[in-house]
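Peer 1: Protein sequence lines correspond, in order, to chains A and B.
According to our numbering, the first sequence is numbered sequentially starting from 25.
According to our numbering, the second sequence is numbered sequentially starting from 2.
Don't read these hints as lab results, they were simulated from the structure.
Accuracy of the hints is not assured; some may be wrong.
Stated by the list, open to error - Mimicking BS3-like on lysine-lysine, the simulated pairs with C-alpha atoms at most 25 angstroms apart in a straight line are:
hint : chain 1 : residue 1 : chain 2 : residue 2
1    : A       : Lys184    : A       : Lys107
2    : B       : Lys357    : A       : Lys184
3    : A       : Lys182    : B       : Lys357
4    : A       : Lys90     : A       : Lys182
5    : A       : Lys184    : A       : Lys115
6    : B       : Lys346    : B       : Lys413
7    : B       : Lys413    : B       : Lys357
8    : A       : Lys184    : B       : Lys177
9    : A       : Lys164    : A       : Lys98
10   : A       : Lys90     : A       : Lys184
11   : A       : Lys107    : B       : Lys357
12   : B       : Lys177    : A       : Lys182
13   : A       : Lys98     : A       : Lys182
14   : A       : Lys182    : A       : Lys107
15   : B       : Lys259    : B       : Lys177
Every value quoted in this text rests on a predicted model; they were computed, and no experiment measured them.
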Amino acid sequence: MRAMWILALTALLAACAGTTSEQSPAGVEDRSPSAGAGAQSNAVEGKGVTGVDLTGKQGGMLSPLKDPSNILSKRSIYYDFDKYEIKDEYKPLVEAHARYLREHTDAKMLIQGNTDERGSREYNVALGQRRADGVKSMLKLLGAREDQMEAVSLGEEKPKAQGTSEEAYAQNRRSDMLYQGEY
Amino acid sequence: MQRNPVRWNPLVAWLSAAVMLLAASLARAQLSIEITGAGATRIPIAIVPFAGEAALPPGLSSIVRADLERSGLFRGLEVPPLIPHPTEASTVDYAEWRSRLADALVLGSVAARPDGRYEVRFRLYDVVKQTPLGGVAYTLAKEQVRATAHRIADYVYEKLTGEHGVFSTRIAYVVKRGSRYELQIADADGADEETALASFEPIISPAWSPDGRRLAYVSFENKKPVVYVHSLLDGKRRVVANFKGSNSAPTWSPDGSKLAVSLSREGGSQLFLINPDGSGVRRLTSSSAIDTEPRFSPDGQWIYFTSDRGGSPQIYRMPAEGGPAQRITFDGNYNVSPRISPDGKSLAFIARNDGKFQVALLDLASRQTQILTDSDRDESPSFAPNGRMILFATVIGGRGVLSAVSVDGRVKQRLTVTAGDVREPAWGPFLQ
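Throw the hints in and build the complete structure from the sequences for me.
Peer 2: In structure tokens form, the structure reads like this:
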């Protein structure tokens, strides 16, 4: 039910983005054939059950962005407290997505920076922005085009993990790389 | 007596992502206020129930008393039934009120008018000096009891303290319940709350326009921070800043002609000026650091802001038209969220001390800093328009609550809602 909502909202958001001529709309508008988050239903033999597959199969081919065995299915970069440098362990991930953006010139990406909940909400918006900007810069250095990417911040507002433990905070100090249709 | 009804208008066609917004909430969540600290000396005041006030919806004299007590500067005295019931027209027996230990006395009456409205008259007396201090007559409709009581409390407060009262002002704040966010406006006593915006995505940083008719805020309804200006009278909203990247931290210039915001459209988080209609964007800072949380000084000459240009987040100020910045805070390695007092003489901010985030107050002349709170998760301080109290968000028992503390640290209040977190308070301007 919730997934349906999100799908409907995403479509609506794409449809009505853009407000003044000077300002760019939120997110990216073009649809990429490779970045579908669409649902597909398949008939399952024998039992008369119609299954619904939300895992991103398209025309029988698993999208590399959805294939759990493909590094491209990983989207998150985690940070140390108050830090925004991309740690070495995440560099292959960023390189893989840079390659994907180079090879799929109409693919577009939204990079969302996040922080843990400590401190000023507005300062955390800026910290999250710095994290997202860092990912974008690295992708650009590796050949992705500026107009394929938007770096934004969610600050501390959309925590992935609840609570005040260091484990939860570590989950929330994060940048996510999302392709259109995924946010 | 004029109030601006807060109404959400679902027909604002140009509004992007209107689907994210919900109609004004049916679920009500009134703030309840608990006084947790009072002034060292409180003026004992007798507020005699107004003769004939039973003709009105309940509350007139009791709201006056509650307002004054909430300020921490007054102690309302219990008044037994008096026969004959005194009114503002009665001759005052000062000796009797002295014997009841009253320093001040309010007497009044309510009369029905032929047009169906009511007239409230009251008079304030200094019992110690045995002299009347003045009085006012108000004409009101039945629905205006609370607003009238706040006006009376403002009058009494000003006569006895020499400062403007803030009982007729309003506050804005965000309530989060489950996955739902509501931007609400309530009277300064937490009553009569109305929902200006409801959304399934976060809302932060509400900022009142100087005339109290509009709120600027940041909404994440487009999956990223976008700055809106929302007219409270008709519920119309417009996008002010929706540039590539993040758009955040709006604040109004004292004349209401401009907003300062933090934008990442040119890389980093930098300060810009922008008109309330989204035109006239002008970059103010050019640093490689974070520059955010701008606030104009009341004279419009300066912008105070948070920056980590020196290695840790600290508060700086710069000329409002741009120019070199000077550092204002030096103690500690995390000082954020600057708010200038209405008289421009002190700076409230959030300081981190030993891992605790607390409201601090810096006297800009003496450079002395005082920590005002003993909580540890304080955020988003906001001065009352008379500069006497600072409203802020904090966390008590795992829940987001609002607290208020007087600038001398003595008077403390806590504002909570049932089953929800409250955060992001902004105290509105004086009623015009």
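Peer 1: If a hint holds in the structure, say so; if it doesn't, say that too.
Peer 2: Hints versus structure:
no. : hint                : in the structure
1   : A:Lys184 - A:Lys107 : holds, 18 angstroms
2   : B:Lys357 - A:Lys184 : holds, 23 angstroms
3   : A:Lys182 - B:Lys357 : holds, 22 angstroms
4   : A:Lys90 - A:Lys182  : holds, 23 angstroms
5   : A:Lys184 - A:Lys115 : holds, 22 angstroms
6   : B:Lys346 - B:Lys413 : holds, 22 angstroms
7   : B:Lys413 - B:Lys357 : holds, 19 angstroms
8   : A:Lys184 - B:Lys177 : holds, 16 angstroms
9   : A:Lys164 - A:Lys98  : holds, 19 angstroms
10  : A:Lys90 - A:Lys184  : holds, 20 angstroms
11  : A:Lys107 - B:Lys357 : holds, 20 angstroms
12  : B:Lys177 - A:Lys182 : holds, 12 angstroms
13  : A:Lys98 - A:Lys182  : holds, 19 angstroms
14  : A:Lys182 - A:Lys107 : holds, 18 angstroms
15  : B:Lys259 - B:Lys177 : violated, 29 angstroms
Checked against the numbered hints above, the structure breaks only hint 15 and satisfies the rest.
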